[in-house]
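The lines below spell out each chain.
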Amino acid sequence: MLRSMKYDIRAIRSVLIVIAGLFLASNGNAQTIASFIREAAVENGFLPAVDTHRQTNLQLAGLGQRFFESKFLSLNGNIACVDCHLDKLSSADGIANAIGVGGVSSGQDRVTAGGAIVPRNTLPMWGVGGIGYERFFWDGKVDGSSGNEIISQFGDEAPTTDALEVAVHLPVVEIREMLQEDIFVHSAKKESVESADRVYKAILDNLHVNEADAVEGLSNYLQIPLREITYQDVASAIAEFIRTKFALQETKFHNFVFNDGQLSDSEMLGARIFYGKGKCAVCHSGPYLTDFEFHTIAYPQRGFGKNGFGVDYGRFNVTHKPDDLYKFRTPPLFNIVATSPYGHSGSIDSIATAIVGHFDPLRIFNSAEATNFERAEYYKVMLAASEDLLKIAFLSDNEVESVIAFLGSLSFEPSFPSENEARRLNR
Amino acid sequence: MSILAKANIMVLAVVILGAAIFLARPSIATYLWGAKYKTAMFQCDNVMREHLVAKTAMEASPGVDSLKNLKAAELGLVDCHGYDKLRKKLIAWGLDSNDLSMLGLEALEEESYELQRYVEVHEIRY
Chain A
1 MLRSMKYDIR AIRSVLIVIA GLFLASNGNA QTIASFIREA AVENGFLPAV DTHRQTNLQL
61 AGLGQRFFES KFLSLNGNIA CVDCHLDKLS SADGIANAIG VGGVSSGQDR VTAGGAIVPR
121 NTLPMWGVGG IGYERFFWDG KVDGSSGNEI ISQFGDEAPT TDALEVAVHL PVVEIREMLQ
181 EDIFVHSAKK ESVESADRVY KAILDNLHVN EADAVEGLSN YLQIPLREIT YQDVASAIAE
241 FIRTKFALQE TKFHNFVFND GQLSDSEMLG ARIFYGKGKC AVCHSGPYLT DFEFHTIAYP
301 QRGFGKNGFG VDYGRFNVTH KPDDLYKFRT PPLFNIVATS PYGHSGSIDS IATAIVGHFD
361 PLRIFNSAEA TNFERAEYYK VMLAASEDLL KIAFLSDNEV ESVIAFLGSL SFEPSFPSEN
421 EARRLNR
Chain B
1001 MSILAKANIM VLAVVILGAA IFLARPSIAT YLWGAKYKTA MFQCDNVMRE HLVAKTAMEA
1061 SPGVDSLKNL KAAELGLVDC HGYDKLRKKL IAWGLDSNDL SMLGLEALEE ESYELQRYVE
1121 VHEIRY
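Chains as they are written, first to last, in the working numbering: chain A, 1 to 427; chain B, 1001 to 1126.
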């Protein structure tokens, strides 16, 4: 009996040792994997959030907020930047195609209420204008990444040497987005810098009347006479606000990479896939998790598209290079879980579908509901995507879920002072 | 009623009817050929886009295949002839450039209705 008990104790002890050994081994393995992921993240250009911050001035940013939130920034469309970059929707608008002039309310109500459709999905603002963030819009139509010149619709007459400030010049002169076509706009519609200048001047006159204290605040801040303020100064303030409010903040993943913080098992597996077999980091690299390059992901088109009739040629519209057909700028991934729908036309409802669409486009395309023309267009999109499709690995549904968990670790809240505080800073 | 009075009434009726038809011509034309015009515009737009892509492809990588592609795309532009003819017909029926722009815009944005349909059947995530 005693002998038998002795064997039992030995057996239990052995099992416990094996379990402890397995635990230690797996823990060691997890540590090794964690260090591999940290290494991979850094190798792929991931930086502490603070390293992406430009030095900004809160007073100027506060003034910029006033203009960002003012409907008078729109000459005749009664729409503000903030109408499509909503706090409650993580700086996006939660709808597939943006609704510009004539838009009211938000979300579903905004779509059903009508208004002019801007045929692209609103891009979230996180990180915009930080250090190294020099390409703007889905098709990169404003590009300061060369460091020498800014490529934009202004040609060699860019109003400023700051790419974000140039980008801030565009929505207000974009018909449907923030400008409604009336007799004045029709007369100025010549796609020339001079005609755009007439509109900027008219916008500024509008602000002088309706946002007089903000313009005066800008005049005081810049220490120039009120009448010498230009739209460029307003754009500069808005850019300062964007850089300040939407600056990247430390996330759980930053903490993991740079402070030996922890990720959950699922997040860890997701990170392993992201930097490993999923090859996500080939394009989603750098401090903003984008290479700022142009790629095709075979997402179906929703809405009439930039080229009309349900077609959007993407980057091609900027470069006129056939290789750029259907290509769009890789989107950054911070706060991505809160900014659905996805894709340049917002045709992707969920983040799981967005991931699956990278490697299995047929699964996300509803062929039965598509028109013959939509199907024909989609083949072309798939063909354009094929170059990248060759590289992207298949992921199981569980793996996709893990990647989503990892992407959740890239979330943060903005640290910009509250509206009241900003108002106080303006005084 | 005298014959002269009857004749006057008839002439007046014809004039009123003629004036009504004249004024209603754009609406009648839109009713009769509006849909056809939108289709023609879609087809013309399509071949023009294809032509632009073929032209840029020829510039980017000149060669026999690119040239054949471009020539085919040029021939494809014949589709725009039907569109042009219909456009002139509509102008003759009294539509002005604003009316035609509006029809064109409706055609161009036809897919926007799909957006509203989408909203009705899918919940937008917040």
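The reader is advised that the hints may include incorrect statements.
[Stated by the list, open to error] No more than 27 Å apart at the CA atoms, straight line, and that leaves these computed lysine-lysine pairs for DSS-like:
no. : chain 1 : residue 1 : chain 2 : residue 2
1   : A       : 321       : B       : 1055
2   : B       : 1006      : B       : 1038
3   : B       : 1089      : A       : 380
4   : A       : 306       : B       : 1006
5   : B       : 1068      : A       : 141
6   : A       : 380       : B       : 1038
7   : B       : 1036      : A       : 321
8   : B       : 1068      : A       : 380
9   : A       : 391       : B       : 1038
10  : A       : 306       : B       : 1036
11  : A       : 306       : B       : 1038
12  : B       : 1071      : A       : 321
[Claimed, not checked] Derived list of chain A stretches under chain B, where covered just means 3 residues or more per stretch with a C-beta under 8 Å from a C-beta of chain B:
no. : segment
13  : 70-76
14  : 177-183
Honestly, the hints are just simulated from the structure, not real lab data. By construction, the Cβ of each residue, glycine as well, lies at the ideal position given by its N, Cα and C atoms.
Hint numbers the structure violates, sorted upward?
As far as the earlier hints go, 2, 3, 4, 5, 7, 9, 13 and 14 are violated by this structure, in ascending order.
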